[in-house]
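Those sequence lines, one after another, are chains A and B. Read the first sequence against UniProt numbering and you will find it ends at 328, with the numbers running on by one and no gaps. Read the second sequence against UniProt numbering and you will find it ends at 328, with the numbers running on by one and no gaps.
The hints are simulated quantities; they were obtained by calculation from the structure and are not laboratory data. For each residue, glycine too, the CB sits at the ideal point set by N, CA and C. One should not assume that every hint holds.
Pulled a few chain A residues facing chain B out of the computed Cβ check, cut under 8 Å [claimed, not checked]:
(1) H50
(2) N96
(3) I220
Protein chains: 2
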Amino acid sequence: MLTIKEIAEMANVSRSTVSRALNNSGYVSEDAMERIKKVIAETGYAPSEHAKSLRTKRTKVIGVILPTIQTETSSKIVAGIDKELSTQGYQILLANTNLDKAKEIEYVDLLKARQVDGIILVATNTDPLLLKKIKGLTIPIVIIGQEMEGLVNVLYDDYHASRELTSFLIEKGHRKIAFIGVDEEDRAVGFLRKKGYKDEMIAHKLSIEPAWIQKGIFDIDSGRQAMDQIWTTSQNKPTAAFAVTDRLAIGALSFLKDHKISVPEQMAIASIGASEISQYVDPPLTTIDYQNEKAGKEAAHQLLTNIGTKAAIKKIILDYRLIIRDSV
Amino acid sequence: MLTIKEIAEMANVSRSTVSRALNNSGYVSEDAMERIKKVIAETGYAPSEHAKSLRTKRTKVIGVILPTIQTETSSKIVAGIDKELSTQGYQILLANTNLDKAKEIEYVDLLKARQVDGIILVATNTDPLLLKKIKGLTIPIVIIGQEMEGLVNVLYDDYHASRELTSFLIEKGHRKIAFIGVDEEDRAVGFLRKKGYKDEMIAHKLSIEPAWIQKGIFDIDSGRQAMDQIWTTSQNKPTAAFAVTDRLAIGALSFLKDHKISVPEQMAIASIGASEISQYVDPPLTTIDYQNEKAGKEAAHQLLTNIGTKAAIKKIILDYRLIIRDSV
DNA sequence: CTGTTAGCGCCTTCAC
DNA sequence: GTGAAGGCGCTAACAG
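Please construct the entire structure, taking both the sequences and the accompanying hints into account.
Right, here's the structure in full:
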């Protein structure tokens, strides 16, 4: 590997001068600058970022911990993060947990060892152990998607979005509304969205049958199964269903289609996510857009402003908007 | 930051002993080992990967250059890469080009500077400049999706997949088949898939009207526009269309639906991609599954075997399979 | 404007 | 079994 020393020799200057030229810090004569540039161009020399980081303590790398990259939500968030970071010359080091909570903690350590300049955590839970580990960190961290006390959070407004969506269904005349959720350990998606639904139902004095509430994981098939459960076990069949993610809704749709249950006539469907595909399924889905890319961008922005300074505690709650389509 | 020196002092041993304990290289007495472990547990010390890399020349990081992360194809590839790499303790450093060819080259340099142990390039073109840059690399690199002479390639069988899909449409009785492609600079998706289509048509002595061949970019809307063009400008309307990606097909579907043109009766649609959603659109899409996750895994596997050894030149052509659904 | 020097934190001989 | 010493490639005073 080519080092600064060899470049210096070839250009007949000292290493410091090359370094100065490289970082354009301090004075370098035009003459020297030219010779150095020439040598670099000829050799294709690239200074070792590791040696640099070792000296400067900065890496220009941000660690991104996420539960999976196989969802549109995640990729949009990452795209948003990247968009913001790349303008400042930062890169992303991926840490994919595959929904394994232990790995979440492990990766915090690994990223610390790699001395990333900051971490963005796309969280699915608010485990105390994780929280504790994070609080011990000296580098800035931003949490997306779950509220963690005392940290910088970029949050979706799960509770209100959920209430609004439920309210919309009620407005449309529905009284019997089913709910397809996920595990409540995921406080944002599991707990808050369910609470929003329940509270809105209660506010309208509408009762909820136990069979109407089903739980899936984050995939299409479990949405299908949930709707199957709802449809086959409900004494009193609901006329609408609220799924906490588009995928769950799409699964539900697929069950209904196969059983010739018409949407929205016999069963209306609404969800949260606004995935690209939500408008191309049959019928197009009424859904809430969370603007995930913006979330990523915002998180990256917050992180960058916190690098080098003491992290301000901050809670950023993002906007959402209801997209009304034919499924309701 | 905590360093090995401080750990050594706290454990009453020398830095070398700590280092040995950390890497379990050489002999360390049980006694010393225990003290060191205790101190590390108490302090949460994590050795600096940069200092390590500077010495050992290995980073346990792989650079992944991709055109975008906002497609299912990309995220599946990355997921596959990650699955394989993480078993060996490697991590991914992302380099997103946003389809900017200049950045592709730039990122090769950047990753080199970061001294990644290897690079996986998800390629969209075979630009000579890029090729030249790559050939100058001393670290292993694996190319996914485009054939580049003299390198390790993981390829989809675009030409044959395309012929087979066209052949399938012909078998189903179609004689007038339209084609929605992309720019041919993308040799795999643009050129080869088109060639497969054309050759198969010719092999069956079927003629192609110019208006049947349209071009889009990689999004849904351009598929819609392409079908619009086909439908409105064809003198002799086709009875089927082959779109080179699922998204393009979904766009086409959406146009047809809005214009009450029934699928597959008036117009059959088939495509390549087998995206998760392809089975939930209306009607479900006949498509070819390329197994992108496997591509990523395979690429990562090849890369890992090439680290440390002289890279064998290799061409791995992946399997595909036709998924027949109601759109044809 | 330029060169000398001293580490950054770690691993790795080489003695002991 | 363990420690001392040197150096990976770079930057940042400091002296000229």
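Agreement of hint A:H50 with chain B interface, Cβ distance less than 8 Å: Holds: closest Cβ of chain B sits about 4 Å from A:H50, inside 8 Å.
Please check whether A:I220 passes as an interface residue: C-beta within 8 Å of a C-beta belonging to chain B. holds (7 Å)
With 8 Å as the cut and Cβ atoms as the points, is A:N96 at the interface with chain B? holds (5 Å)
This entry satisfies every hint, going by the numbered hints stated previously.
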